[in-house]
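Visitor: These protein sequences, in sequence, are chains G and Z. If you're matching positions, the first sequence starts at 1 in this note's numbering and goes up one per residue. If you're matching positions, the second sequence starts at 363 in this note's numbering and goes up one per residue.
Note that these hints are calculated values from the structure, not bench results. Heads up, the beta-carbon is just placed ideally off N, CA and C, and yes, glycines get one too. Don't take each hint at face value.
Claimed, not checked - Result set (DSBU-like, lysine-lysine): computed pairs, CA atoms no more than 35 Å apart in a straight line:
{"hint": "1", "chain 1": "G", "residue 1": "Lys131", "chain 2": "Z", "residue 2": "Lys460"}
{"hint": "2", "chain 1": "G", "residue 1": "Lys154", "chain 2": "Z", "residue 2": "Lys460"}
{"hint": "3", "chain 1": "Z", "residue 1": "Lys460", "chain 2": "G", "residue 2": "Lys21"}
Unchecked claim - To spell it out: a stretch of chain G is covered by chain Z in this simulated footprint if at least three of its residues, at any positions, have a beta carbon under 8 Å from a beta carbon of chain Z; those stretches are:
{"hint": "4", "region": "100-111"}
{"hint": "5", "region": "117-125"}
{"hint": "6", "region": "228-236"}
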Amino acid sequence: MANVTLRNVRKTYPGGFEAIKGIDFEVGDGQFCVLVGPSGCGKSTLLRMVAGLETITGGEIDIGGRLVNQVEPADRDIAMVFQNYALYPHMSVYNNMAYGLRNRRMPEAEIRTRVEEAARILELAAMLDRKPRQLSGGQRQRVAMGRAIVRQPKVFLFDEPLSNLDAKLRIAMRVEIRKLQRRLNTTSIYVTHDQLEAMTLADILVVMNGGLVEQIGNPLEIYKKPATTFVAAFIGAPPMNLMPLASDELRSQLAGDISASEAGILGIRPEDFVIANESVPGGVALGLTVEAIEHVGAETFVYGTRQREEQGVAANPGELPPGEVIVRVPGATGPAIGQRIRAVAPRDKLHLFTADGRKRIG
Amino acid sequence: MQKQAVFQSKLLPFALVAPQLAIVLIFFYWPAAQAVLQSFLLQDAFGLSTSFVWFENYQDILSQPDYWAAIVRTFVFSFAIAFSSLSFALLLAVMADKPLRGGTLYRTLLIWPYAVAPPVVGVLWVFMLHPSLGILARGLRGMGIDWNPLLDGNQAALLIILAAAWKQISYNFLFFLAGLQSIPRSVFEAAAIDGARLMRRFWTVTFPLLSPTIFFLLVINIVYAFFDTFGIIDTMTRGGPAKATETMVYKVYVDGLLGGNLGSSAAQSVILMIMVIGLTAVQFRFVERKVTY
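Just chain G, same shape as in the assembly:
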């Protein structure tokens, strides 16, 4: 049971590449922290620094109140689940789980108790004698989990543990991991590039980009109030519509709004639109030509283009091409392709950012 604290953590590779540019955050005891960001944002590097697999160039990392900068991975009292599971291919499932305990000279009887308990929780009891190559992807993943939990460490570290599984299994395992973590109440740090995994698992969500933290907080808070356009576009699927507020009809619609006067970018989530004929006072109405329709079943996504083309917003991952707007409509009914529609959003659903996208205004 431990807190994990990062203070101004930096990582510069020998070639001079700065992977982590100063990161601060704290994960409280028993909390589930998710690091999310696009590939290359430094999230895995940061996790590996907590594990002790990468050296720390600057700053401090504390685990359970102890500075671990110079501590070997084995002595940090952590366990890690790797993306490729990293099981020992020549050992049985039992020995894979027992290995870490044997290295710590635990009595065989206790090892047996712990491994059998873990196997029971993870439904691996029938497979203890098998070798990893005789297991399916999901079973291997569970063995990797088992190897982490038998150790009863202070902190679990997960490095994209579900990305090698198929979509259905990924959702099932996601729920399993969350339940297991709640039950064991072990502080966890989990790295993913999947915003849905991030949203569903996290107590604390850390959104990273380019070696820096974009936003830290409760996942729903981040969803409701993204601090930057990067976070706005990254969290939520389909992504938030971001439109430049240059001198066009959008600005004139918000003319009376004082807080909107400094804003450069307007963001509206696809689900916050309503297709309607009359506009909402204080809100925004967009005239769109329907270009494409996606029927998902419970909802329908309408892709439209705005009549008046404006300059594009700086391209972020997952962002829409300039001028294109996604509108989510509940149910299976939607407009036809080529139809002209009006998408309306009320004032309290508008996200306003500065022109560079780095600051939220309201």
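Following the hints, complete the assembly by docking chain Z onto the known chain G.
Guide: Showing chain Z alone in chain G's frame:
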């Protein structure tokens, strides 16, 4: 998906394998058949008459204590060469596998000795360890060791083993490095987090995962020590002093080409051939079963 290639013409596949077959037939099967035939023949001292003697040559050679000594010597040499070159190559490979500055350079340098021909290796070591010329021999003398491989049989044997093992290190190193690099890095990282220190990690993770490579190399090295050490022995000791470094393959040469006893020499090479076929068979059996952990 179709795995077998389908040829329109019936002749083309034969034409394609013909060059390879020709090489194998001319340089392996034909001499081998010659050796087998020769081993059943006995020629008089002037080569005037030849008679078919069935297994007499074999009976003769197997009843010589000299030959048994050569067999034992060959096995001792082979295992000593294989063990020392394998263990040293593994050590180097484990070291070179670490991400270090200039890694590519010294990896390349470590591979170079393999390009040196065995007789050149022999000459190289002879010069370094020659009792009156060698720089290393001088050092050994300085330490109070009575170094003279020209007279001392055990020292001569040591010299051969050293030179032959050195030559083979590069080859083994290359395979070990490839073997190490095929193990996912995260497995070592998992072991490090699991609390296994360097030596324990080596013996419980690296070594077992390299066992297919180790086994393959063991057989290759023994076969190398059986045959390819000929050039080294010939340049360094010529089987001496007093036959202390005369291995089976060198005895084939001594008895046949120098002694002129072609029947006995042929019988010896057939025995060698059988041994190597046996080794290879063992290897194939293991490669198919044990080796995938």
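Visitor: Each hint: holds or not?
Guide: So, going through the hints one by one against the coordinates:
no., hint, verdict
1, G/Lys131 x Z/Lys460, "28 Å, holds"
2, G/Lys154 x Z/Lys460, "30 Å, holds"
3, Z/Lys460 x G/Lys21, "27 Å, holds"
4, 100-111, "holds (count 3)"
5, 117-125, "violated (count 0)"
6, 228-236, "violated (count 0)"
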